[in-house]
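Dock chain B against the given chain A, drawing on the hints supplied.
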Amino acid sequence: MSAYLSVNNIEVIYDHVILVLKGVSLEVPQGKIVALLGANGAGKTTTLKAISNLLAAERGEVTKGDIQFKGKRVDQLTPNELVKSGVIQVMEGRHCFAHLTIEDNLLTGAYTRKPSRAELKRDLERVYTYFPRLKQRRSSQAGYTSGGEQQMCAIGRALMANPEMILLDEPSMGLAPQIVEEIFEIVRDLNQREKVSFLLAEQNTMVALRYADFGYILENGRVVMEGQAEELRNNEDVKEFYLGLSSQGRKSFRDVKHYRRRKRWLA
Amino acid sequence: MQFFLEVLIGGLLSGVMYSLVALGFVLIFKASGVFNFAQGAMVFFAALSLVGCMEKGAPLWLAFILAFGIMTLLGIATEKFVLRKMVNQPPISLFMATIGLAFFIEGLAPLLWGNAVRRLDIGLVDEPIPWILEHWNMVISKFDLVAAGLALALVAVLALFFQYTRVGRALRAVADDHQAALSIGIPLQHIWALVWAVAGFVALVAGMLWGARNGVQFALTFTALKALPVLILGGFTSVPGAIVGGLIIGGTEKLAEIYIPPVMSGIFGGNFGGIEGWFPYVMALLFLLVRPEGLFGEKHIDRV
Numbered sequence: 001m002s003a004y005l006s007v008n009n010i011e012v013i014y015d016h017v018i019l020v021l022k023g024v025s026l027e028v029p030q031g032k033i034v035a036l037l038g039a040n041g042a043g044k045t046t047t048l049k050a051i052s053n054l055l056a057a058e059r060g061e062v063t064k065g066d067i068q069f070k071g072k073r074v075d076q077l078t079p080n081e082l083v084k085s086g087v088i089q090v091m092e093g094r095h096c097f098a099h100l101t102i103e104d105n106l107l108t109g110a111y112t113r114k115p116s117r118a119e120l121k122r123d124l125e126r127v128y129t130y131f132p133r134l135k136q137r138r139s140s141q142a143g144y145t146s147g148g149e150q151q152m153c154a155i156g157r158a159l160m161a162n163p164e165m166i167l168l169d170e171p172s173m174g175l176a177p178q179i180v181e182e183i184f185e186i187v188r189d190l191n192q193r194e195k196v197s198f199l200l201a202e203q204n205t206m207v208a209l210r211y212a213d214f215g216y217i218l219e220n221g222r223v224v225m226e227g228q229a230e231e232l233r234n235n236e237d238v239k240e241f242y243l244g245l246s247s248q249g250r251k252s253f254r255d256v257k258h259y260r261r262r263k264r265w266l267a
Numbered sequence: 001m002q003f004f005l006e007v008l009i010g011g012l013l014s015g016v017m018y019s020l021v022a023l024g025f026v027l028i029f030k031a032s033g034v035f036n037f038a039q040g041a042m043v044f045f046a047a048l049s050l051v052g053c054m055e056k057g058a059p060l061w062l063a064f065i066l067a068f069g070i071m072t073l074l075g076i077a078t079e080k081f082v083l084r085k086m087v088n089q090p091p092i093s094l095f096m097a098t099i100g101l102a103f104f105i106e107g108l109a110p111l112l113w114g115n116a117v118r119r120l121d122i123g124l125v126d127e128p129i130p131w132i133l134e135h136w137n138m139v140i141s142k143f144d145l146v147a148a149g150l151a152l153a154l155v156a157v158l159a160l161f162f163q164y165t166r167v168g169r170a171l172r173a174v175a176d177d178h179q180a181a182l183s184i185g186i187p188l189q190h191i192w193a194l195v196w197a198v199a200g201f202v203a204l205v206a207g208m209l210w211g212a213r214n215g216v217q218f219a220l221t222f223t224a225l226k227a228l229p230v231l232i233l234g235g236f237t238s239v240p241g242a243i244v245g246g247l248i249i250g251g252t253e254k255l256a257e258i259y260i261p262p263v264m265s266g267i268f269g270g271n272f273g274g275i276e277g278w279f280p281y282v283m284a285l286l287f288l289l290v291r292p293e294g295l296f297g298e299k300h301i302d303r304v
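Sequence lines, in order, name chains A and B.
Under the numbering used here, the first residue of the first sequence carries the number 1, and numbering increases by one thereafter.
Under the numbering used here, the first residue of the second sequence carries the number 1, and numbering increases by one thereafter.
One should not assume that every hint holds.
To be verified - In silico DSS-like cross-links for lysine-lysine, where the CA-CA straight-line distance does not exceed 30 Å: (1) A:LYS72 to B:LYS80; (2) A:LYS64 to B:LYS80; (3) A:LYS135 to A:LYS121; (4) A:LYS72 to B:LYS85; (5) A:LYS84 to B:LYS56; (6) A:LYS64 to B:LYS299; (7) A:LYS22 to B:LYS85; (8) A:LYS114 to B:LYS85; (9) B:LYS80 to A:LYS84; (10) B:LYS85 to A:LYS135; (11) A:LYS114 to B:LYS80; (12) B:LYS142 to B:LYS85.
Treat the hints as calculated values from the structure; they're not laboratory data.
Chain A on its own, in the form it takes in the complex (with noise of 0.2 Å):
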């Protein structure tokens, strides 16, 4: 396993004193899906956003550390030139362009690209043999479709730009178990048929170990745990404060607060 994407030690602060990330550092082999797993506000979205440079719109920015894609320093790039070296974003909520229609949205994906009419044609075809349902709605304004739909547009549009690799963030928000499974299993044909490496933020935690290869749980903006996918899925502090299972099975609800496990590396 090369070392493909790596980021090193990164540390991320907004507005000049918030610090959000004290120093992550994780690592995508190529073709593989890595799973980011965490609570809300352990610093996924920033990861990813430090990763493809939308820091900046946040007024976000890498203090400390660095990030190399095959190599290279990739951290003082515009997202354009990111995108146009093969790693693109899926941002979490979708954000598709709710006034231009399915096919469009997806068109815009091709910017970066400048391809031929053949191509662009061909490339949106493949598309639609990934999302049948996209060919349907593809003359819907976006902001008409449902949650699922948006997903599978954003990926898709994601997918024009022909990248190595997608930082997936949140896939799962707010849609039905069916769909997430649906979008999940697309994800991982899309890493088997075409190659595609995937970084992938989830709250989710039993569905994003059940497709990753490999996972990184943060916490507070740490890394605090990580191995394969199958170790993290056996293991018991995980299976307790991740997936809501304890050594004695499922608990109630109204336990919940009752540790019997104490958070260790929080001291």
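Below, chain B without anything else, positioned relative to chain A:
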């Protein structure tokens, strides 16, 4: 009937002149989702630059190109010094920034070119076309007709550009969501510089035509006020809407000016002139009640 037609056509043609100013607003609104308060100042600045270059001895075509160059520089500077810091900020901040920009341009223009009222001669005279006068006995201004033709051509080109080109699509995408556009690699900075340059071009055409008719003076900044009801009618986001809105406003205001005062005077007595001064705003007000997004504007989409 003939008189009615004459008034209507005159009104429609002058309406196209409003459309021209409105078009500049629509461009900026489409690309950044903000009402550009500085558009009127840009019209003034563009016209003044054009006259300034001509006074230095340049022929009209050269002066036009030079003025366009100046407007492009202004657009790039606006992006660099004003908009770049404003990515992903609330629209009201952007709007406030354009107010500041308006004052800046209004100050810069006389500083560069002096503040005397100038005449602008673009080789078009505001006189009736003899052929129409002879055959139809109607007074239709040559100037108005050419101006309308120019405006229509501009609108057609821009509408096609927005709908069918790669950059046009990117522009609409940026208007919808700055951050998402950034995330898929659309370079906001280029897009904004481009759109401000194009808005500068539209301001230049508008400034040239308005300036040739009324003289190049500070009052040109108020043409923006005339564009407001046009925008409300046509919709802030629609290029064709600007032209339709302009036609409706132009036509109705002239008709109202001619036909309403006699009726009103008959009922109430007294003098009811000058209706065209406020009639468009009443229309806009009524329109806001019925269809706030305008005839062709984008509906606000909200998920519930």
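Going through the hints against the structure:
no.: 1; hint: A:LYS72 to B:LYS80; verdict: 28 Å, holds
no.: 2; hint: A:LYS64 to B:LYS80; verdict: 27 Å, holds
no.: 3; hint: A:LYS135 to A:LYS121; verdict: 13 Å, holds
no.: 4; hint: A:LYS72 to B:LYS85; verdict: 28 Å, holds
no.: 5; hint: A:LYS84 to B:LYS56; verdict: 46 Å, violated
no.: 6; hint: A:LYS64 to B:LYS299; verdict: 44 Å, violated
no.: 7; hint: A:LYS22 to B:LYS85; verdict: 26 Å, holds
no.: 8; hint: A:LYS114 to B:LYS85; verdict: 28 Å, holds
no.: 9; hint: B:LYS80 to A:LYS84; verdict: 23 Å, holds
no.: 10; hint: B:LYS85 to A:LYS135; verdict: 38 Å, violated
no.: 11; hint: A:LYS114 to B:LYS80; verdict: 25 Å, holds
no.: 12; hint: B:LYS142 to B:LYS85; verdict: 46 Å, violated
Of the numbered hints stated above, those contradicted by the structure are hints 5, 6, 10 and 12, listed in ascending order.
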